[in-house]
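Trainee: Position chain B relative to chain A; hints supplied.
Line order of the protein sequences matches chains A and B.
Residue numbers for the first sequence follow this note's numbering, so the first one is 472 and each next one is one higher.
Residue numbers for the second sequence follow this note's numbering, so the first one is 296 and each next one is one higher.
Warning: the hint list may mix true and false statements.
[What the hints assert, rightly or not] Within a straight-line C-alpha distance of at most 27 Å, the following computed DSSO-like cross-link-like pairs (lysine-lysine) qualify:
# : chain 1 : residue 1 : chain 2 : residue 2
1 : B       : Lys365    : B       : Lys298
2 : B       : Lys333    : B       : Lys298
3 : A       : Lys489    : A       : Lys536
4 : A       : Lys488    : A       : Lys536
5 : A       : Lys528    : B       : Lys298
6 : A       : Lys528    : A       : Lys489
7 : A       : Lys536    : B       : Lys365
8 : A       : Lys489    : A       : Lys540
9 : B       : Lys333    : A       : Lys528
[Said to hold, decoys possible] To give an idea of the interface, some chain A residues facing chain B are shown, with a C-beta separation under 8 Å as derived from the structure:
#  : residue
10 : Gln516
11 : Val572
12 : Ala577
Note that these hints are calculated values from the structure, not bench results.
All C-beta atoms, glycine included, are put in the ideal place defined by N, C-alpha and C.
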Amino acid sequence: EAQVTQNPRYLITVTGKKLTVTCSQNMNHEYMSWYRQDPGLGLRQIYYSMNVEVTDKGDVPEGYKVSRKEKRNFPLILESPSPNQTSLYFCASSLTLGANVLTFGAGSRLTVL
Amino acid sequence: AQKVTQAQTEISVVEKEDVTLDCVYETRDTTYYLFWYKQPPSGELVFLIRRNSFDEQNEISGRYSWNFQKSTSSFNFTITASQVVDSAVYFCALSEPPFSGGYNKLIFGAGTRLAVHP
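Extracted from the complex, chain B is given alone in its bound form:
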């Protein structure tokens, strides 16, 4: 069965620290997609990144970077030099392609609440 585990329930850091949010997934398929979403205190879900299972290159976008390792079924998210505005709940999610019956369904992890203090 598909499953996403975010073992860190809450993380608290001081501004400018680097922080890594862990994500471990389980799936029976060889083709799948992984996502990260951000949920700020206002409550909306903000799409951050999508990665397909055939692309193991790490991705960097400004202060954000993602490390995808199929060998360990992990898709970790690092924020460099964290800022107060990074305070949010972050969700990792897994989706299987439609031909595997995924029908665009996202399997979400429980989320990690990140608090960045000044």
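One chain only, chain A, in its complex shape:
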């Protein structure tokens, strides 16, 4: 089944403890991105990647890192999480830049205490 898989789906952690949210897609998509969803703000883009080894900042990149070493994987790294990063995170992918119907993962709910 064609899908975007995120892990973990739920995580409670403490301030400053590094964590990684993994994202993997099995559709051979070139484009991948991360969004966070917050009440009253909708979804906002954190980072995106147009292809392997090509990444760039979205609208809210502070406190996050990403990497794209393989086409299928696009992990989101929080080096030193803070409570304001408590949010619902979505990974998304699409075949190319022009095919901009994004396929979203199921979401990862992160709580930073």
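Mentor: The following block gives chain B in isolation, referenced to the frame of chain A:
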């Protein structure tokens, strides 16, 4: 700057009522795409429709219909004869094409929570 406004934070209706979710957008480009996504209580995002800026025809899909009006920068979504299963948060989103620097980024509205009661 690009912006999407969904002024209705929450809507509550009784089953079988028709309901319209409003979406107003701002963009500097003449070429762009508009989307609606549904987020049911389970949390995933479900794609409903994509419309490009050159296609102003209204679209109907079963009980769902969309009214795109460039003159008022609106892309409203109507559910006819609503059902309990329509209860969800609905997001309107705007995307600019890659050659305008959009890089597939979606600008989302804040969402409208629809509650359909039996």
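Trainee: So which hints don't hold here, by number, going up?
Mentor: The structure conflicts with hint 7 only, although it agrees with all the remaining ones.
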